[in-house]
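Q: Just so you know, the sequences run in chain order A and B.
The working numbering puts the first residue of the first sequence at 1, with every later residue one more than the last.
The working numbering puts the first residue of the second sequence at 1001, with every later residue one more than the last.
Hints are not guaranteed to be accurate.
The following label-pair restraints were derived from C-beta to C-beta distances [said to hold, decoys possible]:
{"hint": "1", "chain 1": "B", "residue 1": "R1028", "chain 2": "A", "residue 2": "S329", "range": "44 to 54 Å"}
{"hint": "2", "chain 1": "A", "residue 1": "M196", "chain 2": "B", "residue 2": "P1266", "range": "14 to 24 Å"}
{"hint": "3", "chain 1": "A", "residue 1": "D41", "chain 2": "B", "residue 2": "E1125", "range": "51 to 61 Å"}
{"hint": "4", "chain 1": "A", "residue 1": "M196", "chain 2": "B", "residue 2": "A1192", "range": "15 to 25 Å"}
A few chain B residues that don't get close to chain A, going by computed Cβ distances all over 10 Å [unchecked claim]:
{"hint": "5", "residue": "Y1048"}
{"hint": "6", "residue": "A1054"}
{"hint": "7", "residue": "R1178"}
{"hint": "8", "residue": "F1197"}
{"hint": "9", "residue": "D1209"}
{"hint": "10", "residue": "L1227"}
{"hint": "11", "residue": "R1318"}
Anything over 10 Å on all C-beta distances counts as not near chain A; from chain B, calculated [as the list claims (entries may be wrong)]:
{"hint": "12", "residue": "A1049"}
{"hint": "13", "residue": "G1088"}
{"hint": "14", "residue": "T1089"}
{"hint": "15", "residue": "V1090"}
{"hint": "16", "residue": "R1326"}
Since the hints were made in silico from the structure, they are not lab data.
Ideal Cβ placement from N, Cα and C applies to all residues, glycine included.
2 protein chains.
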Amino acid sequence: MLTKVQVVTVGHAIVDVLAPSPDDLVERFGLEKGTMTLVDDSRAHDIYAALGPATEVSGGSAANTAACLASLGTRVAFVGKVAADGLGTVFTHDIRASGVSFEVEPSPDGPGTGRALIMVTPDAEKTMCTNLGVGAYLSAGDIDAAVVAGADVVYLEGYLCGKPESASAVAAAVSAARDSETLVAFSASDPAWVDMFTAELRALLDDVDILFANEEEAHRLAGTTDLDRAVEILHGTCPVVAVTLGARGSIVLDRRLGETTMISVPAHPVTQVVDTTGAGDSFAAGFLHGLVNGMGPDRAARLGALAASEVVSHLGARPVASLSERARSAGLL
Amino acid sequence: MLTKVQVVTVGHAIVDVLAPSPDDLVERFGLEKGTMTLVDDSRAHDIYAALGPATEVSGGSAANTAACLASLGTRVAFVGKVAADGLGTVFTHDIRASGVSFEVEPSPDGPGTGRALIMVTPDAEKTMCTNLGVGAYLSAGDIDAAVVAGADVVYLEGYLCGKPESASAVAAAVSAARDSETLVAFSASDPAWVDMFTAELRALLDDVDILFANEEEAHRLAGTTDLDRAVEILHGTCPVVAVTLGARGSIVLDRRLGETTMISVPAHPVTQVVDTTGAGDSFAAGFLHGLVNGMGPDRAARLGALAASEVVSHLGARPVASLSERARSAGLL
């Protein structure tokens, strides 16, 4: 890396395998529509065999955020693990082609590159079966403390909490950040994930400077279904809390400058919402781009809303259009 | 295979790698926009490294035809070669998930699975760099004579003429067909390919019962730029000649019942042409579906036009909607 990156995002390296699917396929595998389920190799094999013809496109929550950050002009690195296989080559190509620095060596043996088998039912809902593959073995040794130390923000996806190896990567990233005044940003990732690993996620919040969550995740992290109360609880621990509310926009609480600023930003207009995958990832990217460029929470949240509006307007979780051009047209950059 | 297939299609197993690309990328590699160029491993590596983030989707001319035939309800097998690698797994999954029988064992060593690097420029034109990979090593030994003998039609893509190994596969398929009254159908594939291997393609025409070509290919195969004359020349050798004319529809000459029938069929209406890749492949599928089900050339060509209208209305060369349902709605099945 020739120049310091401004943001390091850490998460699972995943290739999405998208297949239009009838409703009964979701039922046949006992899946709940609209949710994400972790599957092992054998179950992934069975589900893939039952899927219709598919399209492969790179994904992964923190990797999507990195791609959006690069599209906005932030210097960004992604840390995640791929295998030395076909999907690993695809993932590596795509993230680098997005302008993201990606220097983790592919794992020569063990499980394959992670993939998310995504059934797209006729109602446009998505049911995901994720096989983390080698991605689950991201560990402390993969975190380059010097890169984290040189960055303004290290961003961690919630999916890293749970498995011991990736939890060690989180701990290493947080430790490197603490030693060097790098801010720690964290995304709650998934309501079901919050339910599964509530204690682990809550314990981490003490080290989090900037928390991203959607409404459901905020409720579950805070242990209340009252949104105002949930935000207040989370803000008691995290100096910046950004909660995305889908079409209702977002609310952000920020007490970095002493007194708490609370702002509410509407969603950026979208002609047609095609696919909401990556909406949270892209909001986080827009917000962080604003933050590392010294913007206040209002403008940063507007950038987040703009990034999300691009990503939800087409199939796939990474931007197709240049986000920096979009932001300039909208007068936000 | 439990039941006999009606059609066997033979061609290159290819995964398409689609990347939105600026015009200057096409120029930088000295490519001609809108054409297909064969590239070796090293050049494919360089071009892939320069491409933006991409989407992977199964392709291959005769494989696309097989997928369309299956979607219409024809029992169909595809013969082509993949490697035991990630793209080979993707190709195998997708073709089988389309309902096509695909029984060729993946090659355990040697080159990887074939791929087409496709630059989609802002004008929606496509520039393809194809690395045939292990697909180029399809040979006589891969042709199951019994399967060809049991079928009504064996369909060969023009891209197989040229390399010695795949030419031996063509010869084996033709020989098996001749021994058992299986009809030989052939697609000219690509005007530039016809220019490169004019002698080889012309020599093959003696064995071809059903020829598919677009206008440019017909001109070059026949050696004249007068379409009527070209069709007449080709029909002198091939009992059925189907020439596709893009938005102007198609013309078909058929003398299987003695006297030549000449028909002209308009293109099936399309709201918006998004991507013409696979138009010829899908026309051939519709026509052959009609033919193996005893339809006359007029109705068969209308089925071809209907199949093409579905495939050109979205990105990707294989059908997304059920072609048999579309054909039933249109009163063609």
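Q: Please go over all the hints and tell whether each is borne out by the structure.
A: We went through each hint and held it up to the structure:
no.: 1; hint: B:R1028 x A:S329: 44 to 54 Å; result: violated, 28 Å
no.: 2; hint: A:M196 x B:P1266: 14 to 24 Å; result: violated, 58 Å
no.: 3; hint: A:D41 x B:E1125: 51 to 61 Å; result: violated, 41 Å
no.: 4; hint: A:M196 x B:A1192: 15 to 25 Å; result: violated, 56 Å
no.: 5; hint: Y1048; result: violated, 6 Å
no.: 6; hint: A1054; result: violated, 6 Å
no.: 7; hint: R1178; result: holds, 33 Å
no.: 8; hint: F1197; result: holds, 31 Å
no.: 9; hint: D1209; result: holds, 30 Å
no.: 10; hint: L1227; result: holds, 36 Å
no.: 11; hint: R1318; result: violated, 6 Å
no.: 12; hint: A1049; result: violated, 7 Å
no.: 13; hint: G1088; result: violated, 8 Å
no.: 14; hint: T1089; result: violated, 7 Å
no.: 15; hint: V1090; result: violated, 6 Å
no.: 16; hint: R1326; result: holds, 15 Å
Checked against the numbered hints listed earlier, the structure breaks hints 1, 2, 3, 4, 5, 6, 11, 12, 13, 14, 15; every other hint is satisfied.
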